[in-house]
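**Q** Here are the chains, one letter per residue:
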Amino acid sequence: MKIVDITINDQKVSAPSGSTILQAANQAGIDIPTLCDHPALVAVGACRICVVEVQGQRTLITACTFPINEGMVVQTESPQVIKARKFILDMLFSQRNHYCPYCEMSGDCELQNLGYRYGIDHWIYPTYTTPFPVDATRAYFLMDHNRCILCGRCERACGDLVANHTLGLRNRGTKSMIHADANVPFGESTCISCGTCLQVCPTGALCDKRSAYMGRDIQTEHIKTTCNQCSIGCGMEIVTRGGNVLQIKGDWDVTVNAGLLCKNGRFDPLYDERKRVTSPMIRKSGKLQPVSWDEALQAVADRIGSANAKEIGVLTSSNSTNEALYLLSKLFCQELKTTNVGLLNPVAPKLFEKSQGSLADITKSDVILVVGADPVKDQPVASFLVKRAVDKGARLIVVDGKDNGLIPFAHMNLDMVDISKAIEIAERAQQPIVLYGAGGTEQTTSALKKLQGKAAFVALEHGVNTRAAVSFGFNNGFTPSAAKVLYTVIGEQDWNGEDVLTKVDETTFVVAQASFLSPLTNRADVVLPTAIWSERAGSLTNTEGRVQKVNKAVEPKGEAKADWEIISLLAGKLGKKLGASLDEISTLAAQELK
Amino acid sequence: MTRVKVATDWLAGCAGCHMSLLDIDERIVKLLEAVEFTSSPVTDLKHPPKEGVTVGILEGAICNSHNVEVAKQMRERCQILIAVGDCATFGGIPAMRNLCGTQEALNRAYLETESVVDGIIPDSPELGKPLDMVTGIGEVVKVDLFIPGCPPRADAFWYALTELLAGRTPVILPRELFTYD
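Residue numbers (my numbering), protein chains in the order written: chain A, 8 to 601; chain B, 3 to 183.
Take the hints with a grain of salt, since some may be wrong.
Covered stretches of chain B (chain A as the covering partner; in silico rule of three or more C-beta atoms under 8 Å from a C-beta of chain A) [what the hints assert, rightly or not]: (1) 19-28; (2) 125-139; (3) 163-177.
Sample of chain A residues lacking proximity to chain B, with all beta carbon distances greater than 12 Å (derived) [said to hold, decoys possible]: (4) 159; (5) 510; (6) 565.
If you are wondering where the hints come from, they were derived from the structure by calculation, not from laboratory data.
No experiment lies behind these values; they were computed from the predicted model shown.
Each residue gets a CB set at the ideal place from its N, CA and C atoms; glycine is no exception.
Can you make the complete structure from the sequences, with help from the hints?
**A** Right, dumping it as structure tokens:
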């Protein structure tokens, strides 16, 4: 890579050729203010606040779009630049309502910060001239057009990052407005509520309904963790204040999702209204009674200890951590020799021993085969990557039923029996990728093996930590009727239990390690309260095989404990030592997963 | 030594900025050694003296024709005019009226309020006429110094007045005293 030397504010700066002035300045720690620019988005130079003076240039130029060249001399805070920025701010403040005290973003607003930085202590142009509407039709966040500065970040996030193309700009000049589709209310549009626009908005135009007015950024804590909602494992930040979760934000620095989240990850977990299990319970004379952890675990240990290996059944949800699955497999499969173990969700067929690609390959591909998987429904962030590749010209072939969410974007939709046609097309491509899920038949998946070496392969697993659950042998074909003692690790999975509970013998002793009350807890003889996504630490393995950390943001509700901790305590009651601390268990689990 | 004359008045505001001025606490004793408050809404004398003052301080937005007159009179009678608070600088809370329009705000307040029976919109010649737009005072008179904040901090008042007494004209408040809300 060619390195270009330039001078910024009399300081020598070197940056790779092709960098913009803004990128070169950022690298050297020189701060140039921006509004419409965002590191994750394509620069458009719309707001002009980043203007700088470049020797030899006729006018001030935008640092975010102008590439550097050898010997360039740049001034970022010269009197002429400051005068221009103040003028730009005066213009921005003059349109719509940018009066801070009754705005939700006050204190965290990028426009307000620039007002402070450049001493905008009053408005020199008439303001408030036209009232604009507020659109609160979306469930999770609202748009106050009066606060909008038309920077277009939301539009670019929607189009370029999520490839959903819901947002656009309509009208011209002072009448310009962000709108959805053909100017319909946001709530009735093609918006998928991924919230990426909300996360990139620099002002209070987009406002999260749940966390609004709950505290400024400086009053909150941000805990980096991994999303627990599907097998992609997006990096995210949980924003908390005083032990309450306020908001979830995408983590721009994580490779898997690079800041993107979906509705399932960003909003739904915050609106879960299911009733929590808050203390250990034992069924006494037909009713569940709260008891101490010690009593509950002892009761479980007694039943397990007196049963023989064939009488024990273990059923786990894939939202369990690596640590919990490791301990569960050690305790039941190895120590107690249980073979009747099962997983609560279907699993993608195992095609290869070694990894044949990653999610990052999607955007590099020219032909994408989606076989028996519906990422729009099950792994939305992966569907964003697919749609983004389609925008860039990749051909999308969906081999699945007619209700697959990717069909509106696909060039071809084939039945499973026509898999050979899809394979033929992929064979002719430069860089094909196969995304396959549990929906494929044996025939189709074995046919796909033909593309080995040619195509990248990524399994899109159902559930969350399915990959680790499979590695630990939980996808073993569970027989409910054989279990006399049934240990279930359901965690927070929404499972009605019908398919299993009706087949379990009435005398079977059922243990439910669960976060919420459900038909399962109604049937259970012992209920062990389990911490949810925000309350537990550990690690998860994503569908690519990446092991990622989960961090605890808030204290568990009531007496709930992390999934792995409960199994570890149970192992102790059964006299088995399976690792003492979380670090130790994590290391052992990670070794097994390799 | 003659003391510097200061007059204050309020327009469409809430008196909060005057309260914030009083929040300079015991420093006011020291201030009074150098300053004479000729008139203010909270003293017996309400109007700035005809012979003029050095510093005029105005709180509140321009909402009606009366506000315009008060602002203009203060401007004529003072050498240095300071706009204090978000209302005087930006229009502030009263400017929320602009988002619905003056007539709709009057209707809602005097005719459509749930408790009103046979309401009328006050229309006495003694009252100022509501303007179509609520603005900061900078829209009708020249202002020498803006101190935004709702209210501005007591230290912002102290800083501005002591700078003026020292013979310096503060152009923009220092960052730590500069606040929008």
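**Q** Each hint: holds or not?
**A** Taking the hints in turn, this is what the structure says about them:
no.: 1; hint: 19-28; verdict: violated (count 0)
no.: 2; hint: 125-139; verdict: holds (count 4)
no.: 3; hint: 163-177; verdict: holds (count 3)
no.: 4; hint: 159; verdict: holds (24 Å)
no.: 5; hint: 510; verdict: holds (61 Å)
no.: 6; hint: 565; verdict: holds (39 Å)
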